[in-house]
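Numbering-wise, the sequence shown is residues 128 to 276 according to the numbering used here.
These are calculated hints, taken from the structure and not from any lab test.
Each residue gets a CB set at the ideal place from its N, CA and C atoms; glycine is no exception.
The reader is advised that the hints may include incorrect statements.
Using 35 angstroms as the maximum straight-line C-alpha spacing, the simulated DSBU-like pairs for lysine-lysine come out as follows [unchecked claim]:
no.	residue 1	residue 2
1	K258	K201
2	K201	K139
3	K139	K258
Computed spacing ranges between beta-carbons, pair by pair [unchecked claim]:
no.	residue 1	residue 2	range
4	V232	N175	41 to 49 angstroms
5	S157	Q202	24 to 32 angstroms
6	G269	H158	25 to 33 angstroms
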Amino acid sequence: MSHSITTREAAKTRAREIRTEQANAGTSISHARALELVAREIGYRDWNTASARLSNRPESPCQLGDRVSGLYLKQPFEGRVHAIRELAGGMGYEVTLHFDEPVDVVEFESFSGLRQRVTAMVGGDGVSWAKTSDGAPHLILGDVLSGTV
Numbered sequence: 128m129s130h131s132i133t134t135r136e137a138a139k140t141r142a143r144e145i146r147t148e149q150a151n152a153g154t155s156i157s158h159a160r161a162l163e164l165v166a167r168e169i170g171y172r173d174w175n176t177a178s179a180r181l182s183n184r185p186e187s188p189c190q191l192g193d194r195v196s197g198l199y200l201k202q203p204f205e206g207r208v209h210a211i212r213e214l215a216g217g218m219g220y221e222v223t224l225h226f227d228e229p230v231d232v233v234e235f236e237s238f239s240g241l242r243q244r245v246t247a248m249v250g251g252d253g254v255s256w257a258k259t260s261d262g263a264p265h266l267i268l269g270d271v272l273s274g275t276v
């Protein structure tokens, strides 16, 4: 399990996953117990501490000016968040990225299609809703490399 939990909502989602994993293994645990396990999993002593710390973090996957890495049309990138706009009261975000180096978005060897600035709609997890024909998300925001510039 990746410990990329940065929001309370992500922590609660992980707690539900833990409850499901435990139920599949034949052990039933309460949601409160699962939250305590998540808190320890991400480095906090208890859920109250984790909840307080996570609530101080922005709910969006990135902030304006952040340097980020990830995948765009299955190609790795590093770049800067050029713009971000909340959609539908936080249900998602429209993110515009400017890549350090252009990304070739064409899989054919006979020609290229380079992109350096792209806009995509993503959920709070940083994964775009739009998918390629084989089901891969167009954009996956990975790590925030550094704070705003």
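Here is how each hint holds up against the structure:
no., hint, verdict
1, K258 <-> K201, "holds, 11 angstroms"
2, K201 <-> K139, "holds, 29 angstroms"
3, K139 <-> K258, "holds, 26 angstroms"
4, V232 <-> N175: 41 to 49 angstroms, "holds, 45 angstroms"
5, S157 <-> Q202: 24 to 32 angstroms, "violated, 43 angstroms"
6, G269 <-> H158: 25 to 33 angstroms, "holds, 29 angstroms"
Comparing the model with each numbered hint stated earlier shows that hint 5 is the single one that does not hold.
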